[in-house]
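> Listed here are the chains, written in short residue letters.
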Amino acid sequence: MSLYPQFAKPNTTEQASQLLSGLSTGAVIIAGGQEIMPSVNYGHLMPSVYVDINSLKDLVGINFENNELSIGALTVHRDIQNNELVKEHVPLLSYAAQWVGGGWQVHNRGTIGGNIVSMHPLYDIIPSLLILDAEVEIISAAGTNRVSISDLLNDTSHGLGSKSILSKIIIKPMSKSLGWAYEKLKITSGGYGSANSAAIVETKNSKIISLRVSVGAVSPLPVDISSSLSSLIGNEWNDSLNDIITSKCSSLFDDALSDQQGDDQWRRSMASVMAIRSIKAALKKIE
Amino acid sequence: MEDLLEDTVLIQLRINGKYHELEISPSVSLLDLLRDELNFKGTHMGCMTGHCGACTVMINGKTAKSCITLASTLSNVDITTIEGLSDEEGNLSPLQESFWNTAGFQCGYCAPGMLFLTKELLEDNPNPTDDEIKTALEGTLCRCTGYQSLIRAVKDAAENISASKS
Chain A
1 MSLYPQFAKP
11 NTTEQASQLL
21 SGLSTGAVII
31 AGGQEIMPSV
41 NYGHLMPSVY
51 VDINSLKDLV
61 GINFENNELS
71 IGALTVHRDI
81 QNNELVKEHV
91 PLLSYAAQWV
101 GGGWQVHNRG
111 TIGGNIVSMH
121 PLYDIIPSLL
131 ILDAEVEIIS
141 AAGTNRVSIS
151 DLLNDTSHGL
161 GSKSILSKII
171 IKPMSKSLGW
181 AYEKLKITSG
191 GYGSANSAAI
201 VETKNSKIIS
211 LRVSVGAVSP
221 LPVDISSSLS
231 SLIGNEWNDS
241 LNDIITSKCS
251 SLFDDALSDQ
261 QGDDQWRRSM
271 ASVMAIRSIK
281 AALKKIE
Chain B
288 MEDLLEDTVL
298 IQLRINGKYH
308 ELEISPSVSL
318 LDLLRDELNF
328 KGTHMGCMTG
338 HCGACTVMIN
348 GKTAKSCITL
358 ASTLSNVDIT
368 TIEGLSDEEG
378 NLSPLQESFW
388 NTAGFQCGYC
398 APGMLFLTKE
408 LLEDNPNPTD
418 DEIKTALEGT
428 LCRCTGYQSL
438 IRAVKDAAEN
448 ISASKS
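From first to last, the protein sequence lines are chains A and B.
Under this note's numbering, the first sequence has 275 at position 275, and the numbering climbs by one with no breaks.
Plus 287 on top of the position in the second sequence (first one is 1) and you've got this note's numbering.
Note that these hints are calculated values from the structure, not bench results.
Misleading hints may appear alongside valid ones.
25 angstroms max Cα-Cα, derived SDA-like pairs, lysine to any residue [as the list claims (entries may be wrong)]: (1) K421/B / Q98/A; (2) K349/B / K207/A; (3) K421/B / K57/A; (4) K57/A / E289/B; (5) K207/A / S231/A; (6) K57/A / N326/B.
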């Protein structure tokens with residue numbers, strides 16, 4: 001065991017997962033490095049081994065097969081913004097990726113896999129994946145598993161520093177008749193949000209017949225609040241629905257964050273504000 | 288699988304057109320490699336968190352923040368630093384001339400970020416709107432807050448580069 005950091009660049013997922021299973025907890029997987037390097041630079045993270053996964057071909061590429069869009073974990077944000085398959089089948093994700101912080105430099109190197117496994121409360125990708133019912137493929141020495149993104153969020157063993165590798169994200173295509181929106185409370189799109197919300201709505205005769213809404217940057221992890229807003233189904237949008245959303249949201253975020261982006265009480269208020277904004281914006285897309 | 292572990296990493300980089308083969312520590316950032324090992328001091332150190340953009344370079348023609356890029360993950364890539372924007376005699380490129388002629392910079396510490404983001408913008412979009420310029424420059428902070436001057440310089444660069452191509 002070296003006193004200094006070591007480096008490994010496996011060529012296959014089998015090699016990588018076997019290597020990870022034999023390493024101590026100080027090993028980290030690295031691809032674009034946009035999440036890890038700030039922590040390394042400030043001494044908050046001191047990896048014993050960097051496992052570079054950039055050579056793993058199983059983690060590359062965007063494909064549409066069997067009515068599923070598969071996005072390799074090494075896909076960078078810029079490609080999610082610009083790829084025609086993503087824009088056609090999951091335009092919500094393509095749009096949300098534009099709001100990732102750090103500017104083009106980070107969009108060119110930051111990967112969707114890194115964004116997910118960092119499980120950062122303020123990031124912009126997971127809120128959309130939650131309401132798209134996305135699934136992820138996880139590879140470890142024990143084999144390959146496919147789990148929903150919501151299950152992944154509840155399993156802390158899949159975060160940074162784990163012995164598993166997130167290989168791809170699988171999403172069912174969105175119907176063209178759906179309205180969708182991602183709203184982020186931030187002065188510019190270049191940084192952390194103080195609250196955000198993604199929404200997907202379907203209407204018939206102007207009445208809401210299905211509704212999916214998530215809120216991010218308020219709790220320690222983004223939250224799918226769709227079931228709490230089920231009483232909106234069957235209604236045509238009107239201002240009284242604002243009060244229902246505000247009332248429901250007021251009891252959903254007991255664990256609201258307090259940081260430089262805003263304190264917990266304000267964050268709780270902003271959760272409903274952003275949910276209302278995203279639902280209204282999604283409805284407007286249908287009009 | 289422990290035979291995969293290395294104490295040092297051998298990488299090959301083409302920096303501003305010149306080939307380099309380097310044996311480096313696994314944990315060195317591209318910024319430290321460029322500044323401390325290879326003496327490309329034009330790549331500025333700012334925040335070390337990826338927020339400010341003063342350390343921007345181009346990797347294979349795309350902008351990247353060198354302070355949050357682990358050098359050992361790069362091999363067989365083309366890197367352009369700000370020194371590579373001018374020619375070998377030190378003559379400024381049309382892009383740099385525009386920033387000079389319009390006083391685009393105040394202190395100039397953010398120059399790597401602003402110049403490379405402008406280069407990336409104008410390669411895809413030769414005639415950007417103000418909003419498109421603002422979006423493109425989001426990844427770099429100007430601590431002098433001279434954003435209006437920067438937008439003016441990008442517009443001038445768009446005209447200057449179009450004229451130099453016609």
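> Does each hint fit the structure? Answer for all of them.
A quick look at each hint next to the structure:
no.	hint	verdict
1	K421/B / Q98/A	holds, 14 angstroms
2	K349/B / K207/A	violated, 46 angstroms
3	K421/B / K57/A	violated, 35 angstroms
4	K57/A / E289/B	holds, 21 angstroms
5	K207/A / S231/A	holds, 12 angstroms
6	K57/A / N326/B	violated, 35 angstroms
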